[in-house]
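Number of protein chains: 4
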Amino acid sequence: MIAVLKRGSTKADEQKVIELIEAEGFSAHPDTGAETTIVGVVGAAPDKKVNLKEKLQVMSAVEKVVVISDPYKLTSWNFKQEKTIIDLGDGVKVGGAELTVMAGPCSVESEEQMLETARIVKDAGAKILRGGAFKPRTSPYSFQGLGEEGLKLLAMAREETGLKVITELMDIEHIDVVCKYADIIQIGARNMQNYALLKEIGKLNKPVMLKRGMAATIKEWLLAAEYVMNEGNHQVILCERGVRTFGEETRNTMDLSSIPLVQKISHLPVIADPSHGTGRWELVTPVARAAAAVGADGIMVEVHPHPENALSDGPQSLKPANFRLLMDELNAIMTSLNSFKSREKKIAYE
Amino acid sequence: MIAVLKRGSTKADEQKVIELIEAEGFSAHPDTGAETTIVGVVGAAPDKKVNLKEKLQVMSAVEKVVVISDPYKLTSWNFKQEKTIIDLGDGVKVGGAELTVMAGPCSVESEEQMLETARIVKDAGAKILRGGAFKPRTSPYSFQGLGEEGLKLLAMAREETGLKVITELMDIEHIDVVCKYADIIQIGARNMQNYALLKEIGKLNKPVMLKRGMAATIKEWLLAAEYVMNEGNHQVILCERGVRTFGEETRNTMDLSSIPLVQKISHLPVIADPSHGTGRWELVTPVARAAAAVGADGIMVEVHPHPENALSDGPQSLKPANFRLLMDELNAIMTSLNSFKSREKKIAYE
Amino acid sequence: MIAVLKRGSTKADEQKVIELIEAEGFSAHPDTGAETTIVGVVGAAPDKKVNLKEKLQVMSAVEKVVVISDPYKLTSWNFKQEKTIIDLGDGVKVGGAELTVMAGPCSVESEEQMLETARIVKDAGAKILRGGAFKPRTSPYSFQGLGEEGLKLLAMAREETGLKVITELMDIEHIDVVCKYADIIQIGARNMQNYALLKEIGKLNKPVMLKRGMAATIKEWLLAAEYVMNEGNHQVILCERGVRTFGEETRNTMDLSSIPLVQKISHLPVIADPSHGTGRWELVTPVARAAAAVGADGIMVEVHPHPENALSDGPQSLKPANFRLLMDELNAIMTSLNSFKSREKKIAYE
Amino acid sequence: MIAVLKRGSTKADEQKVIELIEAEGFSAHPDTGAETTIVGVVGAAPDKKVNLKEKLQVMSAVEKVVVISDPYKLTSWNFKQEKTIIDLGDGVKVGGAELTVMAGPCSVESEEQMLETARIVKDAGAKILRGGAFKPRTSPYSFQGLGEEGLKLLAMAREETGLKVITELMDIEHIDVVCKYADIIQIGARNMQNYALLKEIGKLNKPVMLKRGMAATIKEWLLAAEYVMNEGNHQVILCERGVRTFGEETRNTMDLSSIPLVQKISHLPVIADPSHGTGRWELVTPVARAAAAVGADGIMVEVHPHPENALSDGPQSLKPANFRLLMDELNAIMTSLNSFKSREKKIAYE
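Residue numbers (numbering that gives the first Met the number 0), protein chains in the order written: chain P, 0 to 349; chain E, 0 to 349; chain G, 0 to 349; chain R, 0 to 349.
Just chain P, same shape as in the assembly (with noise of 0.2 Å):
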């Protein structure tokens, strides 16, 4: 961190900056140029940083504190060299070599609509399979799921087709419910910064899902993984799902860079929800193999036996055939790229 100091700034002003650090438990290496005076902080815990970072830009004398240092303890590769891989068991598992394909509907919505959507989806390929029982919905008057039965229904379907399962987790009140059925929990965008949430989850031992919230920056992300990991729940994947912008055409804006950006800063998986991030089904398809070929370690993806049918979200959601098309399409490129492998990580670090 760095404190850059007015111009015309005394060395009674210098002094009061320095003590300010110290008193705060970390060195201060002053640097005046011919312009400016500039001091250094270094040393202490990077978690008091974020205070002394607001005490400085008080005083009168400083004109801007510029921080250098990541504010990331526990998903930085700081802490751990190896990628982190959840293993769900039978073989399933996110974050290895394979990209790892979560499909289903968008709410649960029948014992039929479950069982089809799930044989469909593991006839595919998928490994995992999606369905919302606990809805947010902007407005209150829209569809809310169906709630424990919906969590039913997903057990149902994955005793007949032996597919993982991941739903939606609301509020705290619902952990021990969405916990018995639930594979692995899901933490929709909107709670992202819902703290109480992400400390209670922390406190888990069950594999957690956590969407990026609809404006959040990379750093907020990850330090919402912060906050579960920080409680003991080191089981964390994150999930890109598009961000909002001006753009009036879709939903959201898929910001599919940010999954090797995080993963150069995280040893976290990181998967790409093309449907919530376009919110078309003509978008899903070609923005999910963008998905595959930028890297993603997952793609979660929403799938409708009847998208006309569906109560929530028919319009993003693919019908069988193109899910298929899809599966085989994602395949591919996989392979296409195994390839490069070993090749791209000589060339990144010569």
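Bear in mind the hints are in silico, worked out from the structure with no lab data behind them. Because the structure is a prediction, the values reported are computed rather than measured. Don't be surprised by glycine CBs; every beta carbon is placed ideally from N, CA and C. Possibly wrong hints are sitting among the right ones.
No farther apart than 27 Å at their CA atoms in a straight line, the calculated lysine-lysine pairs in the DSSO-like style are these [said to hold, decoys possible]:
| # | chain 1 | residue 1 | chain 2 | residue 2 |
| --- | --- | --- | --- | --- |
| 1 | R | K344 | P | K218 |
| 2 | E | K5 | G | K72 |
| 3 | E | K10 | P | K318 |
| 4 | P | K63 | R | K179 |
Examples of chain E residues lying across from chain R (beta carbon under 10 Å, computed) [claimed, not checked]:
| # | residue |
| --- | --- |
| 5 | R136 |
| 6 | T137 |
| 7 | A215 |
| 8 | G241 |
| 9 | T244 |
| 10 | Q262 |
| 11 | H266 |
| 12 | V286 |
| 13 | V293 |
| 14 | I332 |
| 15 | L336 |
Add chains E, G and R to chain P, keeping to what the hints say.
Positioned in the frame of chain P, the structure of chains E, G and R alone reads:
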């Protein structure tokens, strides 16, 4: 709502669309032009339209669906023709003729800090004391607030000064304790779409201030208020606190036009928070003046007797002298604009 | 287009709206519902609708005006049912079956740099050489390009390697000199709505590549292409280069979904520029792969033999070894996806 | 500027960084901490730092480069310690103690319209007449303005009323004709980074008003002004006209905090355009009041005697009665705030 059919759609396509609309309990009004066929949708409860829209969007013959009527019910002037005034007792109101000022530190830190600040803001003319006891922080390693200890200090300051108290509630678990001490419950930007929390406070008989989410549209913000009101609690204040944009010099971009915009749609009072809206104390004063001039029902502003020692948000806190100046400026603006009220109404309706 | 009347509008209000619509040469189709009256507008040239829309919005009885049909003419599949292929001669095409790669340095700097780079990118399989001779720079104090000297170096590199040349045109004054040397004229993001310039290049018989503006919607981008095409030049390539968002870790946010979206609306080829889209060389390779997988018609990428000596954009330039790896990966992806073309078409139309 | 080296960098890496810095004419100040080494850069002309920054970013040992000093020269208070006042003669000034109002129709349409509007705005207290003769329109099929004919009508209105005239210049070709009639040349948002145009107007002896680009940062906006001033023309007015965000209810999002922010950095006057900033006439009046209260040096507002017949921007034009009310409100606000000036200064510097 209107469904626009694709070019080249047949009569059979049109018939399918009409059947779906009628099956959902609406009536269909097709209009076949030279190039395009559109089908108008009339009737039934507005809250069913969301689902119908999604179903129509999936049909292969439908190019797009355009929603015409607004999705608001309880927040709208159509529901209630008189402005909502939140009466906190002792003559303190939000939504009436006066500009109500809420002021105080970001975080409650100590007895001395709270009492000193409360006296300062009371003397300057504020009616409500703000102060966070439970703090939502981006990093789990930042100061998280004093908890109930902080609430007690707020109550102590109320006892001495007669100021009303507003403080943030972050989760359902703390509803009782926060209600015990607060006159107004604040829901922060990060929790604007925490629907479980919104539903719970909807069951209370306690005023609530709902901050606009970081990237929330006007529609999403008002629908969040609908979540609260739909449970029975109609004492809702809205608070504009800036939205996230590409801007890099301020913490957020204060969207002051949202205030008259919401006031056109809704009977709920709307206040402005220039401290979070700008994140820089030098900008707080001019933007607070602007909020008064734009017609806000109130202002929430951070004041700290010694910002350089603040445990959070020091850089955006006003010192006492600046706050007193601001209060005088706000009063001057309000007085100067008061005489135009009747002329404004006359012109608006001519 | 549809005009929605305010609640409580009278028959006389409705009549005035109808009269305006008819006076502008359209026909009006009123539809009176229980709560709202809407008036449909049919007929006349789409280009007159913009003006009618504005006039309707001003009427006191009109709540809002909803545009239904798209504003595109020449760029749309309705105008031309075959994909536009830009044929540059010698078998180099943009918009055909192949992924066309344009590569080279950000700025033309010297003969040695240009020839070395041209040989490298040619050997790796690029077909078109990029290089800026006139540079748009945010600061007037940054390097502004070599001007015609730079164009001559591009031509020299073309002479030796057989690569085609693309370079940026910044103003009308330099049209002749840029046309003399370039095979494709590039219009940069900052000039996307420089209408005087667009009209002038619309009069040329020379391919033009139009970059998406920093905050341009799909609609504005295609309408900028309409400006060019409306003057007679139909050889337009579109280029997605990232848009501006709240993201702070990348130069721009690459909006890859815009590529299939535009391809659905328009017959024009669309390419991707991951160098400007990300601003960081480590992200260029994965995002370029994603662009190929999303279906882009080409890729433009910055390559520099010695990025650390580049006069501009060094941080986003690939070194030769990384570029060769990327080319191999792109070829592998294209080959792997080729076999799905017919299946994709079949499913899309079923 | 500071270069932060990667963890694990060697002394040899550090040496290379120092050599580059010195080779570019700066001096290097390395500071080796326990975890990180940072190298401070001091000296040489600020305009050379952009290039050095890019070169450093490419070096393999460099983690990131942080710029500390601002890139402004001529626009900054460091260059000129007195506020710039644009004197248009006859007592009309922009940047002085008064709030200068520029008003008139979006487009010049006819003699009758211009004379009628000019009389109205003159009577209400405006000092400058606005009106577009050359119109930048998103679609090539929209009304493009009357050209020189329109300029003549503006001059005729000036002749009769004594108002000064501001009108938009869109391209270099029309500089002479626009200069012949205009007192202030307006550069629109779309041309804010049309550097060829900026350089040409920099050579004139004529005041220029530079609108903020749709997605321009404060830095880019001021650097655009540097382009003009660097050529010799220092008579620059800045104009905030709203920026593009995710908001869907207003044409743009008015960023009023940019006004005091720019005034802190620069001696140039800054005015507000609430008509384009909101796009809706009902919001123009409150936002114009807010602009006065925030400290703008002037307001530009669209007024039309018959908005329903306007050829462009009718929906955002005030009718005469609303404009008169606004002028009275603006005067009241300015009067009420005037008495605080000295107190504001005293507190700011204490």
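Numbers of the earlier hints that this structure fails to satisfy, in rising order: When the structure is compared with the hints, numbers 1, 4, 5, 6, 11 turn out to be violated.
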